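K.L.:
Residue numbers (the numbering used here), protein chains in the order written: chain S, 1 to 324; chain F, 325 to 799.
Keep in mind that the hints were calculated from the coordinates and are not lab data.
This structure is a prediction, so every number in the text was calculated from the model and none was measured.
Just so you know, even glycine gets a beta-carbon here, dropped at the ideal spot from N, CA and C.
Check the hints yourself; a few may be wrong.
As the list claims (entries may be wrong) - Computed, partial: chain S to chain F, Cβ under 8 Å: (1) Q18; (2) A202; (3) S232; (4) Y293; (5) Q297.
Unchecked claim - List of simulated lysine to any residue pairs, SDA-like, C-alpha gap at most 20 Å: (6) K154/S / L20/S; (7) K545/F / N601/F; (8) K545/F / E625/F; (9) K154/S / F624/F; (10) K545/F / V627/F; (11) K311/S / Y301/S; (12) K545/F / V785/F; (13) K154/S / P646/F; (14) K311/S / I299/S; (15) K545/F / G286/S; (16) K154/S / I165/S; (17) K545/F / Y576/F; (18) K545/F / S651/F; (19) K154/S / Y576/F; (20) K154/S / E597/F; (21) K154/S / G623/F.
In case you want the letters, here they are:
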Amino acid sequence: MTAIPVLLAASSVDTFIQTLFKALALGSLYSILALGFVLIFKATQTVNFSHGALALAGTWFLSMIFMDWDIPGRWLPGPNWLHWGIALLLAMLVTAVFGLIIERLTIRPMIGEPVFSMAVITLGLEVMIRVIADDAVMLTPRTLGIPWGSDTFKIGGASVAWSYIAAVVMAAFVFFVIWRFLRTRTGVAMQATAFDQEAALAQGINVGMVFAIAWAAGSALAAAAGIFASMSPWAAAGVASREGAFFAFRALPAVIVGGLDSVPGALAGGMLIGFVEIFAGQYLSGQAGILGYGYQQVIPYVVMLIALLIKPYGLFGTEEVRRV
Amino acid sequence: MKHVSKLLALLLAFTVVAAACSSDEDSSSSSAPAETEAPAETEAPAEEEAPAEEEAPAEEEPAEEEPAEIIYDYGVDEDTIRVGAIADLSGPFAPLVVQIIAAQTAYWDRVNANGGIAGKQIDFWVEDNAYDVPTHLERYEEMSADDGVVFLSQSTGSPHTAAIAEALVEDGLGAIPLSWYSGWPDPEFGENVFESYTNYCYESINAVDYLANNVVEGDAKLAVLSYPGEYGQDGAAGAKIAAEALGIEVVYDGEAAVIPGADQTPVITGLVESGANLVWVTTAPSLLAELMGGAAATGFEAVWSGNSPTYNYMLLATALAPILDSSFYQSTYNLTWNAGDVPGMTDMVATLQEAIPDDPVSDAYTIGWTEAMAAHQILEAAAASGDLTRAGVIAAANATTVDYMGLAPNQGYGGEINDYIVRESYIFDIQADLFDAAATISGGGSTGSVLMNGGPYVSDVTAAHVYEGACFVAE
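The following block holds chain S by itself, in its conformation from the complex:
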């Protein structure tokens, strides 16, 4: 009960606005991550545990492309933000190619084998990608050249980071693209494959191609989430560092709450978990002595448990979905 007066005392319009934008931004990042998980699960019925490592690889691809090789700035005139935006898309593209190769070499041969085996393979991939990526950059944290750095703007007395806005815009962009994609012929084929692989094959759908597209899209989304999660004031202030690989696991409750096979669920689950985590962190901070330090890590899982008790397949999940 003591939490209520503390919550009220801490509340001010400015604080609320700051917290709201922060929650929107974290929710956006979780949603992008969740969407990547969902796309791969929809196609392959596998939870991709290497999602975080792909996110990390994506950040390093951006650092190499933009900072080391000055692409596209070395050829293309124009402002820095434009160069960075193109480099971002290139990094996502390279990560998508990376995902394609992973799928072709390690997942495609497992079609028809137990889903559990595929999930364990992705766990192994997580370790391999992270360690190889570490070696590739000589263990040195790498900067991403974020154009807006740690700049903020004011709404009344509230100070809001531009990175928060960027994360929300990125989430809106990728959800729009995926929403449009799922309405294309290939997108419909993907949904049919997710519903019944054998029936899809019988209808002449190239299931292998669907797998490949899902892994490519999921990997590109992982890269986007990793890059935006590396911005100031998030974890590493514009530095791609190995800690980034573990950020994806924080989105797992969002994936489960939303429903493992649901695109709207990824958005809803991500936003719900992001809001709960940030608002609990903000307004229960005075109770950390009672709740225990790190309580904000536990709350998303409490929400996930409650949601699963009410809706065992997630808020938007299909009931036939098998869990791993």
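Take the given structure of chain S and dock chain F to it, following the hints.
P.N.:
Chain F alone, transformed into the frame defined by chain S:
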């Protein structure tokens, strides 16, 4: 298929680049591990023989005449002295430790070029513990074996060194920890752990005192943010000792509240709402970035500082640079790269410019260089006394005061703890415009840290502190 082939080719190109980078790193550290050789034969100690009387040779000069008779047991033979380092070459502190080992390697290479110690070449043997305690124990087993080393010039990590502290005594082996926990000087913790420089606790007291009285405007209101564990809470304990002694109000106590991997909103909220104007942090650089960035995003302003290695100069290459420049003060146990006009710095910079000219500038080199200086001077003293057995090296360490040539306060080990424990530390102002992320050692350069107070600083509180054990002990 054509399209897929192009994509595969692109990825192959990335793989080749990655492999090239990887092999570069391998080559930079490949000199470290030495092949295991047959154990040295033990010569019977000739007790009746007087130890050689020669003084230890000056650091720059070639070794003088070998003592008439030097006894030895493990890790030493006719021609070599094997010195070990258990380092984090692939774990979370690898970026720092790889550079520390590079400086040590350059130091020992120079010692060997100058004739070694008592005519014996130094065989510097490095093993990776990946910042994992069980791995550290395995590496220690190898190095403490009969064909192991005579001394460990580096044992990376607080819990890791604590895990081998008893074994060090049993094996009669000495080690310099790459950790600054205030428990190391305590004989109950391990008589054979020879700490370098001051500790987290005293460092915190010094910096909080200096910043509260010289940088903060008006009365200081202190916030303490730390990791849980020996590192974080030893530093936090020191900050609170300073606050109590100096009458500084602690407006936010976040000791052990910074949980790695979690969203830091609760800590940032507590900090911002406390109204603190002085923030003391004991975490890793990535967490410092998140805490400073998160607080700054709300408009929070204060003087920030923290225990080493909370800060890393590479943060100046990030979006946080303007905030660090205006608000952060670096605290360290020794001089940072190319800062301070002392003979040791001139010597180190010149040597590294010759040895590793293309490596990036870094504050970590001073740590590796001074660790090697300490081990070198201890081994020279042991050789001069005619006893290079492990026991002889321990005895020499306890009788040695290491002269760091101005790179850090001189370090003694023997006698009453309160007489020799190092209490001084250094404070630096951060000037981001001095730092160039692309700078290499060949150009000298700077990591952006500008020494304040003209040299090491000791608070009256630290000077008067009676050491009776660690400031923080886990229960």
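K.L.:
Take the hints in turn and mark each one as holding or not.
P.N.:
Structure-based check of all given hints:
no. : hint            : verdict
1   : Q18             : holds, 6 Å
2   : A202            : violated, 25 Å
3   : S232            : holds, 4 Å
4   : Y293            : holds, 5 Å
5   : Q297            : holds, 5 Å
6   : K154/S / L20/S  : holds, 14 Å
7   : K545/F / N601/F : holds, 5 Å
8   : K545/F / E625/F : holds, 12 Å
9   : K154/S / F624/F : holds, 13 Å
10  : K545/F / V627/F : holds, 10 Å
11  : K311/S / Y301/S : holds, 15 Å
12  : K545/F / V785/F : holds, 18 Å
13  : K154/S / P646/F : holds, 19 Å
14  : K311/S / I299/S : holds, 18 Å
15  : K545/F / G286/S : holds, 18 Å
16  : K154/S / I165/S : holds, 13 Å
17  : K545/F / Y576/F : holds, 9 Å
18  : K545/F / S651/F : holds, 15 Å
19  : K154/S / Y576/F : violated, 26 Å
20  : K154/S / E597/F : holds, 18 Å
21  : K154/S / G623/F : holds, 9 Å
Of the hints listed earlier, those the structure fails to meet are numbers 2, 19, in rising order.
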